[in-house]
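K.L.:
Below, each chain spelled out in residue letters.
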Amino acid sequence: MTSLDHTRTRPAAGGLSLATLAPWLMAALFLAVMPFIFADNSAITIMNQMAITIIFALAYNMLLGQGGMLSFGHAVYMGLGGFMCVHIMNWMEDGAISMPLPLLPLFGGLFGLGFAMLIGSFSTRKAGTVFAMISLGVGELIAACSVIVVVFFGGEEGVSGDRTYGIPVLGVEFLHQIEVYYLTAFWLMLSAALMYLFSRTPVGRMANAVRDNPERAEFLGYSQRWVRYYSFCASGFFAGIAGGLFAINYEILTEENLNLATSGTILLVTFLGGVGFFFGPIIGAIVFTLLATVLKLHTELWQLYVGAIFVATVMFFPGGLAGLLAMHVAPWRLGKMGVLVKPYLTTLLPGVIGGLGLAGATEMLFHAREAAEGDEAMGLFFMEVSSHSPVAWAAVLAVTAAGFWLARRGAPGLKAAWDEANTAPRGRR
Amino acid sequence: MDLVLVNLIDGLVTGLLLFMLSSGLTLIFSMMGVLNFAHASFYMLGAYFAYQISKSVGFWPGLLIAPLIVGVLGALVERYGLRRVHKYGHVPELIFTFGLALLIEEIVQFFWGRAQVPFLAPEALNFALFSISGNAIPAYKVFMIFISMAIFIGLLLVLTKSRVGLIIQAALSHPQTVETLGHNVPLIFMGVFGVGTALAGVAGVIAGPVLGTFPGMAIVLGSIVFVTIVVGGLGSLWGALVASLLIGWVTTFAASYNVGMMDVLTGLGFTPPEDLSESLFRDIWSLTLPQVGPILPYLLMVMVLVFRPYGLFGKRDV
Chain A
1 MTSLDHTRTR
11 PAAGGLSLAT
21 LAPWLMAALF
31 LAVMPFIFAD
41 NSAITIMNQM
51 AITIIFALAY
61 NMLLGQGGML
71 SFGHAVYMGL
81 GGFMCVHIMN
91 WMEDGAISMP
101 LPLLPLFGGL
111 FGLGFAMLIG
121 SFSTRKAGTV
131 FAMISLGVGE
141 LIAACSVIVV
151 VFFGGEEGVS
161 GDRTYGIPVL
171 GVEFLHQIEV
181 YYLTAFWLML
191 SAALMYLFSR
201 TPVGRMANAV
211 RDNPERAEFL
221 GYSQRWVRYY
231 SFCASGFFAG
241 IAGGLFAINY
251 EILTEENLNL
261 ATSGTILLVT
271 FLGGVGFFFG
281 PIIGAIVFTL
291 LATVLKLHTE
301 LWQLYVGAIF
311 VATVMFFPGG
321 LAGLLAMHVA
331 PWRLGKMGVL
341 VKPYLTTLLP
351 GVIGGLGLAG
361 ATEMLFHARE
371 AAEGDEAMGL
381 FFMEVSSHSP
391 VAWAAVLAVT
401 AAGFWLARRG
411 APGLKAAWDE
421 ANTAPRGRR
Chain B
430 MDLVLVNLID
440 GLVTGLLLFM
450 LSSGLTLIFS
460 MMGVLNFAHA
470 SFYMLGAYFA
480 YQISKSVGFW
490 PGLLIAPLIV
500 GVLGALVERY
510 GLRRVHKYGH
520 VPELIFTFGL
530 ALLIEEIVQF
540 FWGRAQVPFL
550 APEALNFALF
560 SISGNAIPAY
570 KVFMIFISMA
580 IFIGLLLVLT
590 KSRVGLIIQA
600 ALSHPQTVET
610 LGHNVPLIFM
620 GVFGVGTALA
630 GVAGVIAGPV
640 LGTFPGMAIV
650 LGSIVFVTIV
660 VGGLGSLWGA
670 LVASLLIGWV
680 TTFAASYNVG
690 MMDVLTGLGF
700 TPPEDLSESL
710 FRDIWSLTLP
720 QVGPILPYLL
730 MVMVLVFRPY
740 GLFGKRDV
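Protein chains in written order, with my numbering: chain A, 1 to 429; chain B, 430 to 747.
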């Protein structure tokens, strides 16, 4: 539990200052401007997906990063919130109720909260492995129920709705992707801010304490179980909001939104981004969505690469991307980033090339085995190669071997440079 | 009555199969405190390796060689993967094995494709051994029962009677003391991990022809195995046995008795709603036992956790 637990938070400063508000204002500005830079519909769809994933990943990190609870079934709360929202959309269509669409995610959140309160009442009794197993079991139970309880889950084909029947807000009926984008962005800012503030409340702080040393927290008079329960409920609420946004964005929910694969993906996203920092899941969601989109376009094997990257992250960079960034704060403060440039170029660059070479060899092997008889030509890194030609194979394997060899040779130099970059001049820190 | 007997045998087969997985998993858990999420993936690897071997030299060498390869792979994963992640704590360990499970599934798909591979039971066992009032019991099922029984008894004897078993048992509870006595505890851990995964490999080899050899087989069985060891009590070998048999029988019996909720509810004195297709509770009325069969293990787990959080046989506070 050690290296995960570096939520570096400055002591709470009283009141608001421009310095504390600046990142939030910048994020809001960024969200407002993005659709003007990437204006076409597919880009906006990707951004919507990204925003929803960010909210979900932040909610997930309330459990994993801040509360030390590893969940294998968190998709359930997002999915249930989403299903509820689709039903509400359908009731709006029937005229049974009427309300503006932007309020809808709130109901998704409340439904997620309600369910989290129910499940959490027995699942938060223990942290660690037991909690993980219960979350897995409950997740599988509800995913399996989705085929049985057809009234709510719609069976195999799921339930679908139409978002345009809400009361128009300022004349906007949410017919276009771009309108949905701003709705999603609004909820993203609101939920991210609320989740950040939650991490600053006494409950949020106690969640960190319970994660690090439950026994000590108990001696201070806090019930570890209740502290976990509050985090769990809050996390269920925000996951439900993400589900509501998913319902608005895609207008359909199926069993896929509840199952283990979705829960696993959010674990992957969050861990890739880094669980030790509040902003880690945000990076993770952005990078993962982009990575998946790009890889999906170019290769059938994208899940293999994502899996490999994930395992490598767990083994070598348990802090995730945010952890990697944070590692460079000290050299930056010391003004020694320059020391690192050369070893990075001589070590990491060959390493990346070696990795790409390995991926190339994998692609060629896959093509050689799967493609139709006589179809030898394949595209590989903007080149046309033959998957049966010995020359191409030799070239790919040579690049891979050379890349890894250079990276391995440069590793000691990199380590020395790293130590040097983290040492304050004249022995002072 | 005859159907009961057939179901008892079928349930026993399923239960013993579950036990071959859950025994290794629970042994690894009580030793290292880590739940190996990829355990069922090693089961899948066992089936695929045996299929590959059976294509060239037949089923029987595969039964021997495939688990050995799986065991060696498992030991390597422990040595170069888990041991590295171990210093970060239990949660990253669990995440690591989860990632490994994803990766193994993708690798299997890479080499053998997404479709089911034709891994068949050996010809020599492809006959009906006996039949119970018209229901033929294939010899292969009886063979499965005997293999798993033999492995269980062998494991029990090794653990309780042999010197190695005693050292392992000691290392379970007092690793530091065992280390001071001059035993190589990391090596023992690696060995147990290897043997545990090899057991999963054996289960894969003998289950592959019956349950099908496809990339999703790990996920299908994996969650049930976790449920089993949670129900039995984490770290308890006897608990794993009892829970495996219980779940094996519960799912088998649920699948073969078509009891409808309609009959149960009317039997209890409720009247069905006039128009079933419009009622909000129509799903409850149309529920049948085979339908809920697959979720019964999860329900059982939730019940056990609510009323007896340590599992049926669990003693340790985990």
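Hint data in this document are derived by calculation from the structure and do not stem from the laboratory. The model shown is predicted, which means the values in this text are computed figures rather than measured ones. Incorrect hints may appear among the rest.
To be verified - Only part of the chain A face toward chain B is listed, based on derived beta-carbon distances under 10 Å:
| # | residue |
| --- | --- |
| 1 | L136 |
| 2 | E140 |
| 3 | Y230 |
| 4 | L304 |
Glycine included, each C-beta is placed from N, C-alpha and C at the ideal position.
K.L.:
Interface hint check: L304 of chain A, Cβ to nearest Cβ on chain B, cutoff 10 Å. Holds or violated?
P.N.:
Holds. Min distance 4 Å.
K.L.:
Min Cβ distance, E140 of chain A to chain B: is it shorter than 10 Å?
P.N.:
holds, 5 Å
K.L.:
If you take the shortest Cβ to Cβ gap from Y230 of chain A to chain B, is it below 10 Å?
P.N.:
With a closest approach of 20 Å, the Y230 of chain A hint is violated.
K.L.:
Can L136 of chain A be said to touch chain B, with a Cβ gap under 10 Å?
P.N.:
Nearest chain B Cβ about 6 Å off; hint holds.
Hint compliance for this structure: hint 3 alone is broken.
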